[in-house]
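Colleague: Now for the letters of each chain:
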Amino acid sequence: MSRIVGIDLGTTNSLVAFMDQAGPHVIPGPDGQTKVPSIVGLTDNGLIVGDPAKAHLIRDPSRTIYSVKRFMGRGLDDVKDELQYFPYHLHEKNGVIRIEIGDKTYSPPQVSAMILKELKRRAEEYLKEDISKAVITVPAYFNDSQRQATKDAGLIAGLEVLRIINEPTAASLAYGLQNKTQGLIAIYDLGGGTFDISILKLKDGIFEVLATNGDTHLGGDDLDQRLVDVLVDDISQTQGVKVGEYPEWMQTVRLEAERVKVRLSDEIQTMAVIELPTGTYEKMWTRENMETLVMDLVERTLAPCRYALKDAGLTVSQIDEVILVGGSTRMPLVWRKVEELFGKKPHSELNPDEVVALGAAVQADILGGHTKDLLLLDVTPLSLGIETMGGVMSALIRRNTTIPTSAKEMFTTYVDGQTSVDIHILQGERELVKDNRSLARFQLKLPPLPAGVPRVEVNFLIDANGILHVTARDIRTGEAQSVQVKPSHGLTDDEVEVMIRDSFQFAAEDIKVRQVIEARNEANAIIVATEKALVRGTNLIHGKEAEGIRRILQQLGEVKEGDDHRLIRAKIAEVEKTTHHLAEVLMDATLKEALENKKLSDVIK
Amino acid sequence: MPEASEAEIMDHQHQGTTTARELPMARSMCWHCQSEVTGEYLCGQCVKVQPLSKDLDYFACFQLPRLLNIDEQQLEQTFYELSRTFHPDFYSTKDESEKAISLGNSAFLNAGYRTLKDPIQRAEYLIRLEAGAVKDIRSNPPADLFEEILELQETLETFRQLAPNGPSSDLEALRIKLQDEREHLEKRQAEMEASLQNKFKEWDQLQGCAPLPSQAREEKNTLLRDMQEILSNRTYVRNMVNDLLETTG
Numbered sequence: 000m001s002r003i004v005g006i007d008l009g010t011t012n013s014l015v016a017f018m019d020q021a022g023p024h025v026i027p028g029p030d031g032q033t034k035v036p037s038i039v040g041l042t043d044n045g046l047i048v049g050d051p052a053k054a055h056l057i058r059d060p061s062r063t064i065y066s067v068k069r070f071m072g073r074g075l076d077d078v079k080d081e082l083q084y085f086p087y088h089l090h091e092k093n094g095v096i097r098i099e100i101g102d103k104t105y106s107p108p109q110v111s112a113m114i115l116k117e118l119k120r121r122a123e124e125y126l127k128e129d130i131s132k133a134v135i136t137v138p139a140y141f142n143d144s145q146r147q148a149t150k151d152a153g154l155i156a157g158l159e160v161l162r163i164i165n166e167p168t169a170a171s172l173a174y175g176l177q178n179k180t181q182g183l184i185a186i187y188d189l190g191g192g193t194f195d196i197s198i199l200k201l202k203d204g205i206f207e208v209l210a211t212n213g214d215t216h217l218g219g220d221d222l223d224q225r226l227v228d229v230l231v232d233d234i235s236q237t238q239g240v241k242v243g244e245y246p247e248w249m250q251t252v253r254l255e256a257e258r259v260k261v262r263l264s265d266e267i268q269t270m271a272v273i274e275l276p277t278g279t280y281e282k283m284w285t286r287e288n289m290e291t292l293v294m295d296l297v298e299r300t301l302a303p304c305r306y307a308l309k310d311a312g313l314t315v316s317q318i319d320e321v322i323l324v325g326g327s328t329r330m331p332l333v334w335r336k337v338e339e340l341f342g343k344k345p346h347s348e349l350n351p352d353e354v355v356a357l358g359a360a361v362q363a364d365i366l367g368g369h370t371k372d373l374l375l376l377d378v379t380p381l382s383l384g385i386e387t388m389g390g391v392m393s394a395l396i397r398r399n400t401t402i403p404t405s406a407k408e409m410f411t412t413y414v415d416g417q418t419s420v421d422i423h424i425l426q427g428e429r430e431l432v433k434d435n436r437s438l439a440r441f442q443l444k445l446p447p448l449p450a451g452v453p454r455v456e457v458n459f460l461i462d463a464n465g466i467l468h469v470t471a472r473d474i475r476t477g478e479a480q481s482v483q484v485k486p487s488h489g490l491t492d493d494e495v496e497v498m499i500r501d502s503f504q505f506a507a508e509d510i511k512v513r514q515v516i517e518a519r520n521e522a523n524a525i526i527v528a529t530e531k532a533l534v535r536g537t538n539l540i541h542g543k544e545a546e547g548i549r550r551i552l553q554q555l556g557e558v559k560e561g562d563d564h565r566l567i568r569a570k571i572a573e574v575e576k577t578t579h580h581l582a583e584v585l586m587d588a589t590l591k592e593a594l595e596n597k598k599l600s601d602v603i604k
Numbered sequence: 000m001p002e003a004s005e006a007e008i009m010d011h012q013h014q015g016t017t018t019a020r021e022l023p024m025a026r027s028m029c030w031h032c033q034s035e036v037t038g039e040y041l042c043g044q045c046v047k048v049q050p051l052s053k054d055l056d057y058f059a060c061f062q063l064p065r066l067l068n069i070d071e072q073q074l075e076q077t078f079y080e081l082s083r084t085f086h087p088d089f090y091s092t093k094d095e096s097e098k099a100i101s102l103g104n105s106a107f108l109n110a111g112y113r114t115l116k117d118p119i120q121r122a123e124y125l126i127r128l129e130a131g132a133v134k135d136i137r138s139n140p141p142a143d144l145f146e147e148i149l150e151l152q153e154t155l156e157t158f159r160q161l162a163p164n165g166p167s168s169d170l171e172a173l174r175i176k177l178q179d180e181r182e183h184l185e186k187r188q189a190e191m192e193a194s195l196q197n198k199f200k201e202w203d204q205l206q207g208c209a210p211l212p213s214q215a216r217e218e219k220n221t222l223l224r225d226m227q228e229i230l231s232n233r234t235y236v237r238n239m240v241n242d243l244l245e246t247t248g
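Quick note, the sequences are listed as chains A and B, same order. In case it helps, numbering that gives the first Met the number 0 puts the first sequence at residues 0 to 604. In case it helps, numbering that gives the first Met the number 0 puts the second sequence at residues 0 to 248.
Derived from the structure by calculation, the hints contain no laboratory data. Cβ atoms here follow ideal geometry from the backbone N, Cα and C, with glycine treated the same way. There's no promise every hint is true.
[To be verified] Across the chosen pairs, the derived CB separations fall in these ranges:
{"id": "1", "chain 1": "B", "residue 1": "P64", "chain 2": "A", "residue 2": "M294", "range": "54 to 62 Å"}
{"id": "2", "chain 1": "A", "residue 1": "T285", "chain 2": "B", "residue 2": "Q160", "range": "24 to 32 Å"}
{"id": "3", "chain 1": "A", "residue 1": "R475", "chain 2": "B", "residue 2": "E190", "range": "43 to 51 Å"}
{"id": "4", "chain 1": "B", "residue 1": "T92", "chain 2": "A", "residue 2": "L126", "range": "15 to 23 Å"}
{"id": "5", "chain 1": "A", "residue 1": "P449", "chain 2": "B", "residue 2": "S194", "range": "20 to 28 Å"}
{"id": "6", "chain 1": "A", "residue 1": "Q181", "chain 2": "B", "residue 2": "P64", "range": "24 to 32 Å"}
{"id": "7", "chain 1": "B", "residue 1": "D54", "chain 2": "A", "residue 2": "G416", "range": "30 to 38 Å"}
{"id": "8", "chain 1": "A", "residue 1": "K344", "chain 2": "B", "residue 2": "P64", "range": "41 to 49 Å"}
{"id": "9", "chain 1": "A", "residue 1": "P449", "chain 2": "B", "residue 2": "D54", "range": "50 to 58 Å"}
{"id": "10", "chain 1": "A", "residue 1": "K371", "chain 2": "B", "residue 2": "I175", "range": "56 to 64 Å"}
{"id": "11", "chain 1": "A", "residue 1": "R475", "chain 2": "B", "residue 2": "S52", "range": "18 to 26 Å"}
{"id": "12", "chain 1": "B", "residue 1": "E129", "chain 2": "A", "residue 2": "I474", "range": "37 to 45 Å"}
{"id": "13", "chain 1": "B", "residue 1": "P64", "chain 2": "A", "residue 2": "R500", "range": "28 to 36 Å"}
[What the hints assert, rightly or not] Derived, one-sided and incomplete: chain B residues facing chain A with beta-carbon distance under 10 Å:
{"id": "14", "residue": "Y40"}
{"id": "15", "residue": "T77"}
{"id": "16", "residue": "Y79"}
{"id": "17", "residue": "P87"}
{"id": "18", "residue": "S101"}
{"id": "19", "residue": "L102"}
{"id": "20", "residue": "L108"}
{"id": "21", "residue": "Y112"}
{"id": "22", "residue": "R113"}
{"id": "23", "residue": "F199"}
Build the full structure now, drawing on both the sequences and the hints.
Modeller: Rendered as structure tokens:
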């Protein structure tokens with residue numbers, strides 16, 4: 000059985016982890032960094048992901064996608080308030096947001112798939128084996144569409160998603176494994192773009208989620224934005240320019256705002272330095288300034304905590320431990336607020352950026368059949384229901400019901416000869432249909448019979464991923480009926496199919512792009528080094544030889560702009576051959592110089 | 000939708016997928032190797048998980064007698080044990096049929112635990128299980144309660160209409176009136192719950208006497224009817240209390 004990895008697909012950063020006998024480990028990249036910024040850039044030479052894309056953000060913001068998680072499983076209407084903050088263009092097709100970058104259009108699952116592929120590649124390089132299976136985490140408060148979109152992203156990336164697991168519960172697994180905690184724990188998870196609170200009961204290796212609540216649009220991004228708004232106003236005033244009109248500048252401000260926020264978690268004050276073409280902006284910011292700016296946002300996390308406790312039937316004093324997860328919980332303000340609410344000091348021994356990925360790796364190990372003593376019993380975060388007469392939602396499965404779970408509903412006709420019934424599936428806690436999330440619609444086919452005679456039983460099943468499956472059965476004949484569910488904010492199976500195919504095609508292109516980029520980088524390095532060598536060696540070689548080297552160097556300079564990595568490689572080899580003599584001469588000269596300038600005793604030593 | 004909920008309760012089987020439903024369901028024979036199933040949930044021969052019986056009710060599933068005061072510790076322990084047997088996490092590497100059975104069994108188990116854990120849901124479920132024997136269970140509230148709630152709802156509506164206009168003495172007076180009414184209703188709810196608790200005890204005592212004399216059967220039916228009535232009235236009161244809480248704070 001091939002190895003299953005655990006992936007934390009975050010709003011701002013993503014990580015991949017695996018588990019071995021020693022426990023779960025996060026996989027670092029070649030630079031030792033475990034976090035891959037969840038950013039995708041389209042360059043003239045192809046797609047780039049992670050840190051290179053972050054650098055690209057300032058150069059070409061309209062072709063760089065960040066925080067795509069906010070758009071997963073959503074329509075344009077859901078995000079209209081935040082659109083102004085994104086430098087790229089969005090539109091909607093079939094209820095799904097589409098992101099325009101360059102002359103291409105991508106759905107959010109496709110962009111997430113690019114990040115997943117980067118993580119997959121990272122894991123494959125590190126583990127030296129093919130990776131095709133994964134557990135991917137999502138915010139606990141993600142609805143069905145958002146979960147399905149995440150699963151689609153996995154498929155498009157060529158990963159079989161064995162389980163969608165909730166981030167706070169993943170974190171609890173990592174903690175439970177570490178210190179064999181027992182009792183009632185609260186996991187407070189404030190990430191880059193989402194907030195979750197989960198209340199769990201840990202007993203004898205069972206991790207039973209009692210209740211969960213949250214806000215899928217509240218995270219570090221929003222905290223940064225508060226500072227960005229103030230900085231932009233300040234810079235615009237002091238420098239007399241409208242910063243907001245320059246997307247590149249806005250991204251420079253945004254990145255510095257994030258850094259200032261991070262520094263203020265450790266320091267009482269810090270200098271914000273922003274280099275813009277109009278001049279350098281410098282201003283001292285204090286932690287107090289920052290806390291005032293974001294106070295209401297942090298306080299917004301407290302109501303979901305109270306709701307979760309109420310749903311779990313608990314009071315704050317019954318909670319044994321409060322654990323902090325997510326990069327944003329590094330803020331001292333968050334610590335204070337959480338401590339005030341729960342009346343006890345929260346803790347976070349495990350790196351809050353890595354703990355979710357570690358937990359996903361533990362869950363992957365459980366699914367792989369290796370870890371047998373742990374079991375996670377999670378819940379569905381939102382009530383599931385159907386539309387009934389008068390635009391009212393009738394709940395079939397209540398929020399915080401342990402999953403998997405199912406509910407049955409009997410449908411019949413009201414008119415003689417009626418041959419179909421339209422069913423509208425919803426998720427949410429409000430009474431009226433319009434205030435809840437539309438998940439999907441489907442039409443139930445019925446035989447033409449007198450009103451009330453047909454009886455079709457529809458089974459709504461939420462699986463262990465928190466994803467809904469609908470089946471139907473004709474009670475009179477006992478036969479199963481096929482149900483074609485049309486998601487309100489999701490890709491259809493056909494669309495996903497096409498995207499998977501495209502993705503394979505991209506994969507081939509991606510490899511090509513990567514090879515070209517690598518060859519080009521090498522060519523650039525050789526050109527610089529050779530030019531330096533030529534300067535140093537002017538008097539050591541014949542003018543004719545130098546001329547020959549220059550000629551071939553120029554050829555390399557031309558070839559490297561092309562898209563054929565083999566041609567570049569061939570030219571590099573040619574340059575190396577031609578400069579062989581020069582290199583030798585220089586080496587001799589260097590040695591001679593070294594010897595001349597030092598006493599014999601120094602050289603021998 | 001009383002029809003559906005009845006169907007859900009009375010038809011205890013809960014197939015997750017088509018695959019599970021089309022499998023042979025004979026409890027005594029393994030769906031996979033056709034040998035006789037001797038173990039409780041797993042085939043003794045091929046160790047494949049077996050679909051739970053169609054006739055299984057929640058009490059039987061959790062190995063509990065049909066009582067209304069149950070050992071909650073034991074309930075939890077059984078739930079955890081059975082979860083370790085059925086949860087889809089442990090069938091991730093198995094074939095599709097086993098996955099489907101695990102999913103169906105888990106969904107049933109979870110529903111059962113949720114129902115039995117809550118004393119009110121437990122009682123409602125038990126009444127529906129036993130309802131075959133009880134005729135004319137009334138589900139409408141008695142006229143006096145019905146009228147009282149109707150009137151309260153009207154007052155609440157007036158309050159809702161006034162509220163957006165900002166604070167006023169009329170609004171304040173209404174708020175105080177509604178809060179008083181709420182306290183009164185909460186007291187009634189508590190009384191109902193106390194009397195339910197007594198009925199639960201009576202039921203458990205009756206269940207204790209075996210074999211059943213015909214007189215006890217009669218007594219049980221009366222008790223079931225009484226409990227149903229209190230439960231249904233309590234639901235009306237509780238919904239009203241929640242409405243009041245939401246609107247007037």
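Colleague: None of the hints should be skipped; say for each whether it holds.
Modeller: Going down the list of hints, with the structure as the test:
Range check, P64(B) to M294(A): about 55 Å between beta-carbon atoms, so the 54 to 62 Å window is met. At roughly 48 Å, the beta-carbon separation of T285(A) and Q160(B) lies outside the given 24 to 32 Å, and the hint is violated. At roughly 46 Å, the beta-carbon separation of R475(A) and E190(B) lies within the given 43 to 51 Å, and the hint holds. Under the hint 15 to 23 Å, the C-beta atoms of T92(B) and L126(A), about 19 Å apart, fit the expected range.
For P449(A) paired with S194(B), a C-beta distance near 45 Å fails the hint of 20 to 28 Å. Between Q181(A) and P64(B) the Cβ separation comes to about 30 Å, which falls inside the hinted range of 24 to 32 Å. In this structure, D54(B) and G416(A) meet the distance hint of 30 to 38 Å, their C-beta atoms being roughly 37 Å apart. Our hint of 41 to 49 Å for K344(A) and P64(B) holds, since their Cβ atoms are close to 45 Å apart.
Between P449(A) and D54(B) the C-beta distance comes to about 32 Å, which lies outside the given range of 50 to 58 Å. Distance hint check: the CB atoms of K371(A) and I175(B) are about 60 Å apart, consistent with the given range 56 to 64 Å. The hint said 18 to 26 Å for the Cβ distance between R475(A) and S52(B), and at roughly 24 Å that hint holds. Our hint of 37 to 45 Å for E129(B) and I474(A) is violated, since their Cβ atoms are close to 24 Å apart.
The beta-carbon spacing between P64(B) and R500(A), approximately 58 Å, falls outside the hinted interval of 28 to 36 Å. Against a cut-off of 10 Å between C-beta atoms, the interface hint on Y40(B) is violated, since the closest Cβ of chain A lies about 16 Å away. For T77(B), the interface hint is violated, since its Cβ never comes within 10 Å of a Cβ in chain A; the closest pair sits about 12 Å apart. Taken as an interface hint, Y79(B) checks out: its beta carbon lies about 5 Å from the nearest beta carbon of chain A, inside 10 Å.
Taking 10 Å as the C-beta cut-off, the interface hint given for P87(B) holds, the closest approach to chain A being about 5 Å. Because the closest C-beta pair between S101(B) and chain A is about 9 Å apart, less than 10 Å, the hint holds. A least Cβ separation of about 5 Å between L102(B) and chain A falls short of the 10 Å threshold, and the interface hint therefore holds. At its closest, the beta carbon of L108(B) sits 9 Å from a beta carbon of chain A; the interface hint therefore holds under the 10 Å criterion.
With its C-beta approaching chain A no nearer than about 7 Å, Y112(B) sits inside the 10 Å limit, and its interface hint holds. The interface hint given for R113(B) is met, as the beta carbon of that residue sits about 6 Å from the closest beta carbon of chain A, less than 10 Å. Among the interface hints, the one on F199(B) is violated; its C-beta lies about 19 Å from the nearest C-beta in chain A, farther than the 10 Å criterion.
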